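Those sequence lines, one after another, are chains F, P, B and H.
Quick note: the first sequence uses the numbering used here, first residue 9, plus one each step.
Quick note: the second sequence uses the numbering used here, first residue 244, plus one each step.
Quick note: the third sequence uses the numbering used here, first residue 31, plus one each step.
Quick note: the fourth sequence uses the numbering used here, first residue 19, plus one each step.
Among the hints, a few may not be true.
[To be verified] From the structure, some residues in chain B lie toward chain F, with a derived Cβ separation under 7 Å: (1) 41; (2) 43; (3) 62; (4) 64; (5) 67; (6) 105; (7) 115.
[As the list claims (entries may be wrong)] Beyond 12 Å from chain P on every Cβ pair, some chain H residues (computed): (8) 175; (9) 220; (10) 267; (11) 272; (12) 296; (13) 299.
Note that these hints are calculated values from the structure, not bench results.
In this text, all values refer to a predicted model and were calculated from it rather than measured experimentally.
All residues carry an ideal CB built from backbone N, CA and C; glycine is no exception.
The lines below spell out each chain.
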Amino acid sequence: MIEFMTTVLGFILAMLALGLVRILRGPGDADRMMAAQLIGTGGIAALLLLGVVTAVPATVDVALTLALLATFASIAFVKKGRANAPDSTEGA
Amino acid sequence: MSAAIVFGLCGAAAAGLGLYGLIADPQPLRKIVAFNLLGSGVFMVFGVVARRGAASGFGGDPVPQALVITGVVVAFSATALAVALLLRLFQVTGSATLNTEEPAGMGTDPADA
Amino acid sequence: MSVAINIITIVAITAGAFFFLAGTVGLLRFPDTLTRLHALTKADNLGLGLVVLGLLPQAGSLRGGLKLLCVWALALLAGAMVSQLIAREASGQRGDSVTGHDGPVS
Amino acid sequence: MTVALALEMALAAVVLGVATWTIAARETFAAVVGFVTYGLMLALIWVRLDAVDVALVEAAIGGGLGGVLLLGAAARLRVTETLAATARPGATVRVGAALLSATVAAALATGVILLPDPAPTLAPAAAANATATGLGNPVTNVLMAFRAMDTMLEKVVLLLALVGVWSLAPDRLWGGYPGPRHHADPLGTLAFLARLLPPVGIVVGIYVFWTGKDHPGGAFQGGTILAAMWLLVMMAGIADAPQVSSRRLRIVLIAGPGIFLAVGLAGLAIGSAFLAYPVAYAKPLILGIEIAMTLTIAATLGLLVAGAPERSARQ
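For reference, chain F alone in the conformation it holds in the complex (with noise of 0.2 Å):
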């Protein structure tokens, strides 16, 4: 079972190094963004199962932490385009 958790976490670690690709080319921000937001989740998934592989129980909180704060940089990504927009009431 151990091992077949390892392959697997390989398998999805090699997922996210594919989606780095997608940061690499871009072309816009949103795209990027939307590859963070799959590393993140595949970096929770990749937790869960590195918690087991190790035999690390408290991986989970780890993993828990993640999906709580991995949609952080996406929200600050929404609210920058909005700082932009020409209606806005905020910016520098």
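Position chains P, B and H against the provided structure of chain F, taking the given hints into account.
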């Protein structure tokens, strides 16, 4: 044991990359990111030292781990201060370069507008 | 009994990995931003969900299982919201406009 | 074992790939997105290194607050990017920088390979003295008892950084509200998320803090999660950041280091040394300090990300 070595080498490489970016990149924000990269590489080397010190039923030596946590906190506060400085520089001069030959808008304060 | 449980784990996690594959391939190969987003949400919801489902029998304790479910629920909630926000951003709409279909969808 | 080693090498390769992208990317925004994913991947490495406490910090800072801080700055500075890109240093500087970085990396790598075997460790000492505090998490023991001075000074550094950020406000705006006022549709998706997520996040934050006495977690990790929830509420425009001159805010900001210092001085008066806890009360004292510190950390980190005052107090 070899696992620790792999991540140690990874940390060394990340520190090198960060140092290069810190020197070679002209944009201050990129320098800040590169500085964080440099720091994280050093922290990784610390993590390897901690991992190798596993004993007494602990997965790693808790002292370097605690030092890394303290280090991350301090690095974050330094980053926040640097970003705030940069944003203020941008507000005052309208640009964000460290190039001193650019007096545009000096003395006035567009932030007050 | 444990064989059956292990088979459930293997099937669910393999299916989850498949959805990560599908999501990644979609993210790379689909022609424009919104279709890529469509692919991404499959990996977000089903990929992680199936991995969590597969890990549940291995959780060992009720507490561990509940935490796993919490991780999935949080990722689902935040992922759904953020996908919507990114989609608005990408389609050029301002995210704040009050449209008919706005609001709690999930 | 070979499967595990292959996995570790793959993980290291992916992390290095992201790191290279962060440095090589043309656009700053793209580089910062790369850095956020780098933080996420780093959490995996820390778990693999059996340092779950550090993994929690990395997930909360690298993946969460750091991303918000840097992405926000990248968006606001975007107009300056084309101008700054022309100031690229010459080939000599870049080759020199590459040589220097390669040397430093090689020196670090040599150091890693030549680490003494068996490795020196303080783990047995930490294990032997764990009974004195009654806490089961060795990292919390080190942070709160064995090297409590470091932790106290680190909180002072956080506070000084915040004072530094505030001092960047123009005179006219001193004591005003930090950062821009965020507006969002009160019925929109972001506001909905900002109403739904914080109650869950606050529970998770308190849980991470509380579990830190015996399992990985602690005041800093919990405080960071609380800070993120506060920022979410601010970014959604549901609540404004407090005025920098607010007295209540300032009491919260100094509560952590203040109580820490008071307990430390009491240790000097009653016990044997500065920051020496009486063994019978060690656990409640440490928990009391940690509760105050969690609140202080949440407030400080939230305000550090919110930035310098940009709106006057009268507004």
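Now for the hints, and whether the structure bears them out:
Because the smallest distance between the Cβ of residue 41 of chain B and any Cβ of chain F comes to about 11 Å, over 7 Å, the interface hint for this residue is violated. Taken as an interface hint, residue 43 of chain B checks out: its beta carbon lies about 5 Å from the nearest beta carbon of chain F, inside 7 Å. Interface hint status for residue 62 of chain B: violated, as the beta-carbon distance to the closest one in chain F is roughly 9 Å, over 7 Å. At a threshold of 7 Å, the smallest CB-CB gap from residue 64 of chain B to chain F is about 9 Å, leaving the interface hint violated.
Hint status for residue 67 of chain B relative to chain F: holds, with the closest Cβ pair at about 6 Å, below 7 Å. A hinted interface residue such as residue 105 of chain B counts as satisfied when its beta carbon comes closer than 7 Å to some beta carbon of chain F; here the least separation is about 4 Å, so the hint holds. Annotation: residue 115 of chain B was flagged as interfacial toward chain F, and the flag holds, the nearest CB pair being 4 Å apart, inside 7 Å. Not every CB of chain P is more than 12 Å from the CB of residue 175 of chain H (nearest about 5 Å), against its label as outside the interface.
At roughly 21 Å, the least C-beta separation between residue 220 of chain H and chain P is larger than 12 Å, which holds for a residue marked as non-interface. At roughly 17 Å, the least C-beta separation between residue 267 of chain H and chain P is larger than 12 Å, which holds for a residue marked as non-interface. The claim that residue 272 of chain H lies off the interface holds: its Cβ sits roughly 16 Å from the closest Cβ of chain P, which is beyond the 12 Å cut-off. Under the 12 Å C-beta cut-off, the non-interface status given to residue 296 of chain H relative to chain P holds; the minimum distance is some 22 Å.
Here residue 299 of chain H stays apart from chain P, with its beta-carbon at least about 22 Å from theirs, past the 12 Å limit.
Of the numbered hints given earlier, the model fails hints 1, 3, 4, 8; all others are met.
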